[in-house]
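Residue numbers (this note's numbering), protein chains in the order written: chain X, 1 to 233; chain A, 1 to 233; chain B, 1 to 251; chain U, 1 to 216; chain C, 1 to 216.
Hints are computed from structural coordinates only; laboratory data are not their basis.
Treat the numbers as computed from the prediction; the structure is a model and nothing was measured.
Be aware that one or more of the hints could be misleading.
20 Å max Cα-Cα, derived EDC-like pairs, lysine to aspartate or glutamate [to be verified]:
1) K140/C with E16/U
2) K177/U with E100/U
3) K29/A with E16/U
Covered, in the sense of this in silico footprint (three residues per stretch, anywhere, with C-beta under 8 Å from a C-beta of chain A), are these stretches of chain X [as the list claims (entries may be wrong)]:
4) 43-57
5) 61-68
6) 72-81
7) 170-183
Pulled from the structure, derived: some chain A residues nowhere near chain U, Cβ distances all over 10 Å [unchecked claim]:
8) A12
9) S44
10) L94
11) S96
12) V110
13) L121
14) I125
15) L142
16) G197
17) M202
18) M208
19) S209
20) V230
21) E231
Quick reminder that beta carbons are idealized off the backbone N, C-alpha and C, glycines included.
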Amino acid sequence: MINAPMIFSIAAAFKAHVKAESLLRWRHKSDILQPLLFFVLVLSLFPIAINAPSQELARLAPGILWVIVLLASLFSAEHLFRDDLGDGSLSAQLLSVQPLSVYVVAKLSVHVAFVVVPLALASPIMALMLHMPGSGVPVLILSVLIGGVSLSMIAAFGAALTVSVHQRSMLLALITLPLYVPVLIFASSAIQSNIDGTFPTMQLLILMSFALLSAALLPWAISAALKLSVENK
Amino acid sequence: MINAPMIFSIAAAFKAHVKAESLLRWRHKSDILQPLLFFVLVLSLFPIAINAPSQELARLAPGILWVIVLLASLFSAEHLFRDDLGDGSLSAQLLSVQPLSVYVVAKLSVHVAFVVVPLALASPIMALMLHMPGSGVPVLILSVLIGGVSLSMIAAFGAALTVSVHQRSMLLALITLPLYVPVLIFASSAIQSNIDGTFPTMQLLILMSFALLSAALLPWAISAALKLSVENK
Amino acid sequence: MKVPQFIHLLGSPPWFYRISGQLMPVLGLLACALLIVAWVWGLGFAPEDAKQGNSYRIIYLHVPTAVIALAGYYVMAFTGLVYLVWRIQLMALMLKSAALIGAAMTFLALFSGAVWGKPTWGTWWVWDARITSMLILFFLYLGVLGIINAFSGSKTSQQAGVKAASILALVGTVNIPIIYKSVDWWFSLHQPATLKLTGKSNIDGSMLTPLLIAIVGCYVFYAFMLLWRTRIELQSSEHNKQWLRDAVSKK
Amino acid sequence: MSITRLQVDRLSAGYERPLFRDVSFSLEAQQVAHVMGGNGSGKTTLLNCLLGLFPATSGDIYWNGFELRANAFDAALYLGEQVNAQSYALGLKNALSVRENLQLYLSTTANALQAASQTVRQQRIDQVLEQLSLLAVANKRCEQLSSGQQRRVSLSKLLLNPCAVWVLDEPFAAVDKQGVVLLEGLISQHVEKGGSVLFTSHQDVSLGMSVRTVQL
Amino acid sequence: MSITRLQVDRLSAGYERPLFRDVSFSLEAQQVAHVMGGNGSGKTTLLNCLLGLFPATSGDIYWNGFELRANAFDAALYLGEQVNAQSYALGLKNALSVRENLQLYLSTTANALQAASQTVRQQRIDQVLEQLSLLAVANKRCEQLSSGQQRRVSLSKLLLNPCAVWVLDEPFAAVDKQGVVLLEGLISQHVEKGGSVLFTSHQDVSLGMSVRTVQL
Ligand code: HEM
Ligand SMILES: Nc1ncnc2c1ncn2[C@@H]1O[C@H](COP(=O)(O)OP(=O)(O)OP(=O)(O)O)[C@@H](O)[C@H]1O
Ligand SMILES: Nc1ncnc2c1ncn2[C@@H]1O[C@H](COP(=O)(O)OP(=O)(O)OP(=O)(O)O)[C@@H](O)[C@H]1O
Ligand SMILES: [Mg+2]
Ligand SMILES: [Mg+2]
């Protein structure tokens, strides 16, 4: 049995990681609802705080919605790697022959599926609550879906950098929020221009290229950051 | 030496807890700046996202500022009891002859000093960034100082209830934000009415009574919640 | 502390199981009867509203659920109080049931209100005092459910969870009047008069009677649901107890 | 005439199923009891019950003749197991140095040195650190210690706070041979001076005195 | 003719000051080495160095003749110390059951069973659980286990993944007597079959074979 050949396939490992990660999320079922709840909760603070007539709310809606999407994606990424560092699975991944990026990409895919997709699906209801004109809704959903990919990657990068740090939430915000700005600009501009009557092809294409760029580059940065975090532990 | 009398004074214990807690915060110096940074960062997202003329921003400023104060106080309380539960100090406190509330009140006082006071001091700069009229600033500072006490108590209550829970940030938000609403209302109303030219005596008095009420009642609820969290661990 | 007789009885699951078994058919039938009468009357026979046409008829669902939603929170908090003071296990189960049913009722009130809003105000949602308070109430319920759900390990941690939920419910009870009052005050400052439709009722008497019946029916329905859910919880938590097997096999 | 420090009567506890049923024993002054049992037999659970940190299903616990109510006793000093998901950790603050941790311990718990001057306390702490060979790392933060050193810091509380009953969950885990001998010595001395010790351990312990066993 | 599995040449490492200097040793097939030293002598640090999880100050490490680069080897199976602030924990997911943890382990690491069918793997897991007397808690979540049971779950990876070199940091801590005997047996068997083991322990271990010691 000793020195038996180690059979190993990247595709199989990817699938296994996706399965494991989904299982873990599923085990904490209520966590799945949490970004959504956060979305609704923070959203309802604004009308209370601002107490403005509904036309004005409607005009602010795209901006407010997108700020909340940023915050929700930020805080839902906070714990992405924490458990794995604490329980030793991260160092086990580092020791394994498999490239760390397989694990990273699998984890991120599950994260996008469990966080970004629900946020996108819920956004029409939120738009309704802020009296946003119905014409803006399809682009809103699209922008959250496409922009959400970049947001998740950026937030995961921040989470990987700060995972070994004591109180990480605020530091994470500090790293992540500035990187979010381009996405925020093009996303809220897309919705606004759609409400104003022009289909925002340009903005959506730019968001798309952000998404591709971050999905292509950030997993490497994340892997490198995770290695540092293990050594720093 | 065995059975030596146990000398014990509530005042001394309170002082010792305050000292220890301040030392711990001081050890993680960067954590002190974090609520402030969060405040600035999230605030600066709004002008980008909303893209409104400055008069309009100014009118929204009290509301937006206060929503961010809520979020900052929420997330800075998240880890209040986490370390103490994890490293066993909380169960040591439970076993001790001292009432748990001495520890709770000491911890909360330090929290208010390290979070609420800096937020209040920083708020004028934030008000400036949103073009809020200078006349609103003194009341803004007052409202953050007074309202911040209730917010800290409420957030600490949420933190105590959720400290033994796996992924707690969102559950904490769910518990805490609804309880924040009255503070939010009277604080933003106070600033608004001050800008409009009347000194908001009534609102400030109400905020003050909220602060007294929560400072008088919630420490008990927090102590009780902490006991339960140890059992759940 | 001296335990009152009634509370003492509640401490005995077999007693509750027996009594609720007898009460439930009565309550169930009564609720059905009242609700059928109210809805048939309200939907079929009450006159059309001068301003809103037929869409107002959703009031027969909307108002009863809204009323129960608030009352349900107090019921839940009361069970929590009794549980904290006397440590009666049955109250823990009842608190769980009350939280679930209350949240469902609140959701129904919000949902029926939104459906009503579309034809009346031309929009699904409006930030007016009562609606906002109702939404906050919904969050308060979700918080209690979230806590119960989060403490889901062993039996001990479930008990700790119910205690935590009770504390939260009690804190919420102190807060609800404050929240309602402040929201009401705040929105009355700025709200344009057109949105005051939910304000003082100027409902015709012939519309009011079925509404009152529907409200009473809904209360009875709530009581029925509470007993029913609690029985289910009881069955699953005491599934290996002898008295339960006896009680089930007697049927 | 001996003083009964701890009296346990027909105690039962468990999670879904009972882990132990009707356990009865007592611990008097100048006695040592070793709680024995395999992995998962319920030793940690038993200790937590005795201190009111875990609810018992039935049975009674008396400390110095009074019934147990959690949160109101100074009868015992409890050092938990070295981390395990649901057990109680060592009670050390990672961010503080060893010395700061012990100072904090002295100032926040009720103990004989609470009224003593700063210098007296400081001296006592240095003595204790010396005894446990921790002087070299006294100014390191606890998170920078090895696992055995962390356990030693937690053990030094036994010397700082002269409590009559020591309740120790796996105190010999992670300490090296020299440390085991040292701790055995501490326990013997404590018992000779009239103290009582209740501990769990998977290792054989040689205390040079009779040890009651509580088998789970 | 023996295969050199691990070769360490004049290795030094430490934090502010060096913990050990110029440590050299080698580990061949069918050999066991016991890393010895008091608390804080640097055993855990040494093992982390060997696996590339901590940077050495100087010296060379060769695994199967190749120089160590972190993140690219399947040569060894490393089980860390049971939690301590800076060390590596057991690699178990608290929220998953024992069985799920082992399934996850099998499916996400490169191992001989990776291509095997679901049933084969399941059977193997059940065998291993039986061997470590964990069948009774196989469906409990790991956070609900006692510390010894958690350690046993982590040890069961040794049997699931037939890796040539085992690197074990305090594997005997927290396990009961019966568990110690079991683990000693596992180590002996592994070595007889041609494996190598490097471990640390403060307890005396009787393996019935010659053990090299590496003194720090
Ligand atoms: C999501 C939207 C809505 C919510 C959450 C909501 C909530 C409530 C609540 C909490 C009550 C209180 C019952 C009481 O005070 O005892 C109520 C009553 C009522 N609502 Fe709504 N409502 C909504 C939409 C609407 C709409 C669109 C209308 C009609 C135009 C409407 C008309 C009424 C009326 C007529 C009453 C009875 C008033 C009274 O008895 O004084 N509501 N609603
Ligand atoms: N992050 C760190 N920063 C500074 N010093 C450290 C750090 N981690 C460990 N040390 C020091 O390195 C030394 C060796 O630690 P290590 O964990 O390797 O010891 P060990 O031999 O495994 O001890 P034990 O038997 O207690 O497990 C200790 O004296 C410790 O104080
Ligand atoms: N939170 C929990 N939920 C369910 N079961 C639990 C929980 N905590 C512990 N158990 C179970 O209770 C049993 C006893 O655990 P305990 O920690 O008391 O054992 P122990 O005797 O201290 O073991 P060890 O020697 O390994 O430290 C174990 O079988 C464990 O699975
Ligand atoms: Mg134990
Ligand atoms: Mg070590």
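Checked hints:
1. Taking the CA atoms of K140/C and E16/U, the gap is about 11 Å. The hint holds against a cut of 20 Å.
2. Between the alpha carbons of K177/U and E100/U the distance comes to roughly 27 Å, so the proposed pair goes past 20 Å and is violated.
3. Of the supplied pair hints, the one linking K29/A and E16/U is violated, its CA atoms being roughly 45 Å apart against a limit of 20 Å.
4. Counting residues of the segment 43-57 of chain X whose CB lies closer than 8 Å to any CB of chain A gives 7, which reaches the minimum of 3, so the coverage claim holds.
5. Residues of the segment 61-68 of chain X with a Cβ under 8 Å from some Cβ of chain A number 5, which satisfies the need for three, so the listed coverage holds.
6. Under a criterion of three residues with beta carbons nearer than 8 Å to beta carbons of chain A, the stated coverage of the segment 72-81 of chain X is upheld, 4 such residues being counted.
7. A stretch counts as covered by a chain when three or more of its residues have a beta carbon under 8 Å from one of that chain; for the segment 170-183 of chain X and chain A the count is 8, and the coverage holds.
8. The Cβ of A12/A sits about 7 Å from the closest Cβ of chain U, inside the 10 Å cut-off, so the non-interface label is violated.
9. With 10 Å as the threshold on Cβ separation, the claim that S44/A sits away from chain U holds: the shortest Cβ distance comes to roughly 31 Å.
10. At roughly 5 Å, the least C-beta separation between L94/A and chain U is not larger than 10 Å, which violates its mark as non-interface.
11. Separation of S96/A from chain U is inadequate, the least Cβ-Cβ distance of about 6 Å not exceeding the 10 Å criterion.
12. Once the 10 Å rule is applied to beta carbons, V110/A is consistent with being away from chain U; the minimum gap is 13 Å.
13. With a cut of 10 Å on Cβ distances, L121/A stays outside the contact zone with chain U, its closest approach being about 25 Å.
14. Every Cβ of chain U is farther than 10 Å from the Cβ of I125/A; the closest lies at roughly 30 Å, confirming the non-interface assignment.
15. Listed as outside the interface, L142/A is consistent with that label: its C-beta sits roughly 34 Å from the nearest C-beta of chain U, beyond the 10 Å cut-off.
16. Distance check on G197/A: its Cβ is at least 49 Å (rounded) from any Cβ of chain U, clearing the 10 Å threshold; non-interface status holds.
17. At the 10 Å boundary, the C-beta of M202/A stays outside the reach of chain U, the nearest C-beta of that chain being 41 Å off.
18. Against chain U, the non-interface label of M208/A holds: every CB pair exceeds 10 Å, the least being about 32 Å.
19. For S209/A, the shortest C-beta to C-beta distance to chain U comes to about 31 Å, beyond the 10 Å cut-off, and the non-interface label holds.
20. The beta carbon of V230/A sits about 6 Å from the closest Cβ of chain U, which is not more than 10 Å, so the claim that it is off the interface is violated.
21. The beta carbon of E231/A is not kept farther than 10 Å from every beta carbon of chain U, the shortest such distance being approximately 7 Å.
Of the numbered hints given earlier, the model fails hints 2, 3, 8, 10, 11, 20, 21; all others are met.
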